[in-house]
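Given next are the chains, with one letter for each unit.
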Amino acid sequence: MIATPLYDVDGLSVTYGDAHVLNQVTFSATGGAMIGLVGPNGAGKTTLIKAMAGLLPATSGTLNLDSKQLSAWPLDVLAQKIGYLSQSRAVHWPVTVDRLLYLGRLPHRSPWGGVSEKDQEAIDTALTLTDVKGLRTRAVTNLSGGELARVLLARVLAGEPQIVLADEPVSGLDPGHRLQVLSGLKKMSNDGRLVIVVLHDLTLASRFCDRLILLNEGRVAADGTPTDVLTKKALAAVYGVEAVTVSQGDDIAVLPWSYV
Amino acid sequence: MTGIPVLRQARSREASFVYLLLGLGALVLALAVASLFIGRLGIGGVADLITVRGQDPETFRTLLVEVRLPRTVLALTVGATLGLSGAVLQGLLRNPLAEPFILGASSSAALGAVIVFYFGVAGGVALATPLGGVAGTMVATAALLALGGRAQEPLTLILAGVALNTLAAALTSLALNLAPSPYAALEIVFWILGSFADRSLDHLVLALPLMTLGWALLFSTWRALDALTLGEDAAASLGFNLASVKIRAILGCAFAVGAAVATTGVISFVGLVVPHVLRPFVGYRPSRLLPVSLLGGAALMLAADIGVRLIDTQLELKIGVVTALIGTPFFFHLLLVMRRSGQ
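Chains Z and B, in that order, are what the protein sequence lines are.
Numbering-wise (this note's numbering), the first sequence opens with residue 1 and increments by one.
Numbering-wise (this note's numbering), the second sequence opens with residue 1 and increments by one.
Next up, chain Z with everything else stripped away, as it sits in the complex:
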C-alpha cells in the first residue's frame, strides 16, 4: 500500500512578467483519487501541473506537499514521490523502450549500481499496466503515436510514484487507447496514489475522474464531482459552448454542440 500523499494549495499565483497565469488557486488533494484538470486553452492547467511537480516556482501563495513546502523537499526525494508526464512527447535519441523505462528508475538507483530485481519488477508492472510489453526491444523513435504515449506513461509508472501528474496523456490517441490509458491511471489511483490528469475530453474526464477542477483564466472556476462541475451554465461561461449532456449511470457524456 502506498503512503497517502497530500497536496495543499492555498492562494497559489504564478506570473510571467505581468501576466497572471495562475491567480489565487486554492484546493487540496489527497491520495486514492483521480482528479481531472479541465479548462480551455491557456487556462493555466499546464502551469498548475508543472508548479505541483516543482518545475515552476510559485510567485506567491503556498504549495505544500505532505505538510511541507514543496520547494523545501530535496530534489531526489521529490523525484521518488512524484511522477511527471510532460505534454511533449519528444524523445531525443533512438533508445530502446527498455532503456527508456530504466530512466524512470533513475530516482531509485544508485549512480553506480546496475538494474536491480526490484527495478525490473517495477518496470514489468508498468509495461503490463500500459500494455506495451511486446515493444520493449523496439527503438522509441519507431513507435506509433499511440505506442509512444503509452511507453512514456509506462516510464512514469516505472518510478512507482505516490503522485502521478500527467499533462494531456491521451491527446492524439484513438478512442480505444484513450480508454486503456485512463483505465491504467485509474487503477493507480485505486491503490492509494494521487493521480492528477489534464484532459480536454470532458466525457472522458467525467467517466474516469472522481473529481474535476475547472480552470479559467488562471482561476478555479469550479471544483467538485463531474456532474457538479460540468453544468451547461459553466460550459457556456468557460468554454463558450452550448453542450448536449447525456447521463450514463453516474457519469455524464458531454458533447459540445455549438459555439455561442
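Derived by calculation from the structure, the hints in this document are not laboratory data.
It cannot be assumed that every hint is accurate.
[What the hints assert, rightly or not] Examples of chain B residues toward chain Z, derived with CB under 7 Å: (1) ALA227; (2) THR229; (3) GLY231; (4) ASP233; (5) ALA234; (6) SER237.
[Claimed, not checked] Derived CB-CB ranges, DEER-like: (7) Z:SER144 / B:LEU155: 23 to 31 Å; (8) B:ALA163 / Z:LEU255: 47 to 55 Å; (9) B:GLY307 / Z:TYR16: 53 to 61 Å; (10) B:THR212 / Z:GLY113: 24 to 32 Å; (11) Z:THR15 / B:VAL162: 29 to 37 Å; (12) Z:ARG219 / B:ALA163: 36 to 44 Å; (13) Z:HIS200 / B:HIS333: 35 to 43 Å; (14) B:LEU325 / Z:THR125: 51 to 59 Å.
By construction, the Cβ of each residue, glycine as well, lies at the ideal position given by its N, Cα and C atoms.
Please arrange chain B on chain Z, whose structure you already have, making use of the hints.
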C-alpha cells in the same frame, strides 16, 4: 519470473560495453606507442631511432621525451577533450550537430588566446595563454546556452554558433590587422591552423591540469544527460538540477577546450564525428557515450597526427586543416540526414 531473462540480457550488454572500452583503450595505447616512434621519416625512421638509441642514449632520450612525448600526449589529450566535449554538448543540447568548433567555442578560445598572446601578457605569465583560451570558451559557451539553449529547432542553435564563430573570426582578424609585424601575424595564423608539432613539455604541463579539471566537470553530467533524453522538464522531474548541470558543462568545456585550443590551435569536427560514429555502439545512451567518445577522440587524433607525418609533403600538413577538410563534408551529410528526417 519474466524479469530474469531480460536482466541477463541487460548484463550481457554491460559486458559488451566493457569490451568496447577495453578495445578502444588498447587502440589508444597502440596508437600512442606508434606516435612516439613514427616521425617524419615514416616507418623507416623507427630503425634509425633504434640505431640512435644504441649509439647515443642521451640524444635518444631527449628526442623521445622532449620532442615526441609532448606531441603524443597532446594529440591524445586534445583528441580526448574534443571527443568528450562533443558528446557532452550533444547530450546536453539534444542536438547531434553540437560540437565545440561548430558552436563557436573553439574559435572563441583561439580569440582569447590570441588576445593574451597579442598583448604580450603571455611573455610575463606562462599560464596566461591557456587561461585566455579558457576565458574565451567560457564566454562563448555561456552566450550560446543563453542564445539557443532552449531552442526547440536544432538549427537555431547552429545559427547561434555561426554568429559566435563570425564574431570570433572578426575579432581575430582585427588582432591580425593590428599586429606589430607581418611575422607576428603569420605566427598567429599558423598557430590557429592547429597542430601538435613543436609543442614542448612546458606547454603540456600548463594544459594538462586544466584539461583534466575540465574532464572531471564534463563527466559529472553523465546521469543527467541520460535523463535529458526525455527533455528538460522530465529530466528536472527525475531529480536533476539542470542549472547546475549546465554550469558544469560550460565550465568543463571552458577548461578542457580552452586549454586544448590555446595549446594546439583550432582542430575542428573531431567533436562532431567521434560521438556520431560511436553512438550506435552504446545503444544511443548519452552517459555511456562519454568515456567511449573520450577514447575515440584520442584514437582518431593520434591516428590523424601519425597520418600528417607520414603524408609526404614538403611542409608538414597542419592537422587542423586535415580535420576541417574531412569534417566539412561529414557536417553537410549530417545536415542533409536531419533535413530528410524532418528535424
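So, going through the hints one by one against the coordinates:
At a threshold of 7 Å, the smallest CB-CB gap from ALA227 (chain B) to chain Z is about 6 Å, leaving the interface hint in force. For THR229 (chain B), the shortest C-beta to C-beta distance to chain Z is roughly 5 Å, which falls under 7 Å, so the interface hint holds. Against a cut-off of 7 Å between C-beta atoms, the interface hint on GLY231 (chain B) holds, since the closest Cβ of chain Z lies about 5 Å away. Against a cut-off of 7 Å between C-beta atoms, the interface hint on ASP233 (chain B) holds, since the closest Cβ of chain Z lies about 5 Å away.
A least Cβ separation of about 5 Å between ALA234 (chain B) and chain Z falls short of the 7 Å threshold, and the interface hint therefore holds. Because the beta carbon of SER237 (chain B) sits about 4 Å from the nearest beta carbon in chain Z, less than 7 Å, this interface hint is met. The hint said 23 to 31 Å for the Cβ distance between SER144 (chain Z) and LEU155 (chain B), and at roughly 27 Å that hint holds. Checked against the hint of 47 to 55 Å, the C-beta distance between ALA163 (chain B) and LEU255 (chain Z) comes to roughly 52 Å, which is consistent with it.
Range check, GLY307 (chain B) to TYR16 (chain Z): about 54 Å between beta-carbon atoms, so the 53 to 61 Å window is met. A hinted range of 24 to 32 Å for the beta carbons of THR212 (chain B) and GLY113 (chain Z) is consistent with their spacing of about 27 Å. At about 35 Å, the beta-carbon gap between THR15 (chain Z) and VAL162 (chain B) stays in the expected band of 29 to 37 Å. At about 42 Å, the CB distance of ARG219 (chain Z) to ALA163 (chain B) agrees with the hint of 36 to 44 Å.
With their beta carbons about 42 Å apart, HIS200 (chain Z) and HIS333 (chain B) fall inside the hinted range of 35 to 43 Å. As the Cβ distance of LEU325 (chain B) to THR125 (chain Z) is approximately 54 Å, the hint placing it in 51 to 59 Å holds.
Violation of the numbered hints given earlier is absent; every hint is satisfied by the structure.
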